[in-house]
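Trainee: Heads up: the protein sequence lines correspond to chains U and Z, in order. Counting from 16, one number per residue, gives the positions in the first sequence under the working numbering. Counting from 10, one number per residue, gives the positions in the second sequence under the working numbering.
Because the hints were derived from the structure by calculation, they are not lab data. Errors might be hidden in some of the hints.
In silico contact screen, one side only, chain Z against chain U (beta carbon under 7 Å); selected entries [unchecked claim]:
{"#": "1", "residue": "T102"}
{"#": "2", "residue": "V109"}
{"#": "3", "residue": "T140"}
{"#": "4", "residue": "I141"}
{"#": "5", "residue": "G145"}
{"#": "6", "residue": "T193"}
Bear in mind the structure is a predicted one, so any value in this text is a computation, not a measurement. Positions of the beta carbon are idealized from the N, C-alpha and C atoms, including for glycine.
Single-letter residue listing:
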Amino acid sequence: MNITVRVWRQPHADAEGQMVSYEVPDVSEHMSFLEMLDVLNERLTMEGDDPIAFDHDCREGICGSCGVVINGVAHGPQQTTTCQLHMRSFADGAVIDIEPWRAEAFPVIKDLIVDRSAFDRIIQAGGFISAPTGTAPDAHAAPIPKNQADHAFDAATCIGCGACVAACPNGSAMLFTAAKITHLGMLPQGQPERDSRALGMVGQQDEEGFGGCTNIGECTAVCPKGIPLETISRLNRDLLGAMLHGSR
Amino acid sequence: MALKALMAVSGLIMIGYLLAHMYGNLKVFAGQASFDGYAEHLRTLGEPILPHAGLLWIIRVVLLAAVLGHAYSAFSLWSRAHKARGGSKRYQTSKSKLGVQRSYASFTLRWGGVVILLFVIFHLLHFTWNTIHPGGAADSPYVRVVNGFSVWWVVLAYTLAMVAVGFHLRHGMWSALTTLGANTSAIARHRLNLLAYAVAGVVTIGFLLPPYSILLGLVT
Chain U
16 MNITVRVWRQ PHADAEGQMV SYEVPDVSEH MSFLEMLDVL NERLTMEGDD
66 PIAFDHDCRE GICGSCGVVI NGVAHGPQQT TTCQLHMRSF ADGAVIDIEP
116 WRAEAFPVIK DLIVDRSAFD RIIQAGGFIS APTGTAPDAH AAPIPKNQAD
166 HAFDAATCIG CGACVAACPN GSAMLFTAAK ITHLGMLPQG QPERDSRALG
216 MVGQQDEEGF GGCTNIGECT AVCPKGIPLE TISRLNRDLL GAMLHGSR
Chain Z
10 MALKALMAVS GLIMIGYLLA HMYGNLKVFA GQASFDGYAE HLRTLGEPIL
60 PHAGLLWIIR VVLLAAVLGH AYSAFSLWSR AHKARGGSKR YQTSKSKLGV
110 QRSYASFTLR WGGVVILLFV IFHLLHFTWN TIHPGGAADS PYVRVVNGFS
160 VWWVVLAYTL AMVAVGFHLR HGMWSALTTL GANTSAIARH RLNLLAYAVA
210 GVVTIGFLLP PYSILLGLVT
């Protein structure tokens, strides 16, 4: 198949960017989206052009490195990571628009790469448990009801790719933050720091310049891990509880 | 985040008021004596513990606080969100402007709120302060209502406003309850959405029944 891509090119953080069109002939429908970009980049390199910069690592859909907005949708037409998207999802002759995540808190570093360290700082503000070191506890020392374990695990699958922010009309990071708060808040190990976690993470999220949630649900519709919208309500519960307890 | 809770609570207070207001409006079908009696009763309710019109003033103060809180949090959350998404021109592509799954109601939430605010001012001028009286002035609230809604453009204005309210409540009520932590499972989400649809539908239709009955000559 032959396609045309229109890609956001921006040489560095402070430069003005623009959309640039490239023809990509002889694309196999079995290629992943990133492999298609690899092929284009090889050609650009051979021709002496700057290859298109994009984030990627495992290419198995589990690391959360990759992610671009394809035709206006984070990660493109399939609900999966960009690396797990294949060219068979597009028609022959298609014109595909490729842009970086857009949010105030995710500044563009180059082309399709954005700085997502705001997520790291949100995690540092409370997305952890404090556990004494020493020998590992017995596996059955802390019984956890099955449904709670399931909810915790569903939330723990978040890979922190940032698609939720890119898709949110408010540029909110609530699904990301809520996933971690649900993951830890559902488990006995997460209880001691439950209040301070909610206050700390949401406070950091606001400080980073993310917007507020209006419960539209675009985040969960593009989330490659299908983190459910309920996690956001769980975050709200924890946060309101922490505010009522007046704890920090 | 406290702003979001303020938004949700003030919104729910106003929904509660709307339902009570709608109930009062429907008294128009019981005739002039019943409707005017209800209007008078609102002023004597709570006496003698409260002074004349005391409860009404308590409701007015609470409502005014709710409106101010709602508008303030709406504006600050909007400006924060506008900045967070990276301004009005976010993505270059012209594709997927309508999002992946978002509802029309979610698109109209903010501007719909402005429309509703303008309408409320018109509505207060019309029926509460009695400064404008399309269709003719009168002392009786019942006669004022019938006179007002005999004018086609008044009914049109109320229709547009009530449809805006319907869309606003469809997304707003769901969002308020979710913000307060009620969306705890897929089933809860389904129920909250159904509830939001039901309340939006009841409020829109309930408020539009009297104007259309009057315009069509069913109530005179």
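Trainee: Each hint should be assessed against the structure and marked as holding or not.
Mentor: Okay, the hints, checked on the actual structure:
no. : hint : in the structure
1   : T102 : holds, 4 Å
2   : V109 : holds, 4 Å
3   : T140 : violated, 36 Å
4   : I141 : violated, 35 Å
5   : G145 : violated, 43 Å
6   : T193 : holds, 6 Å
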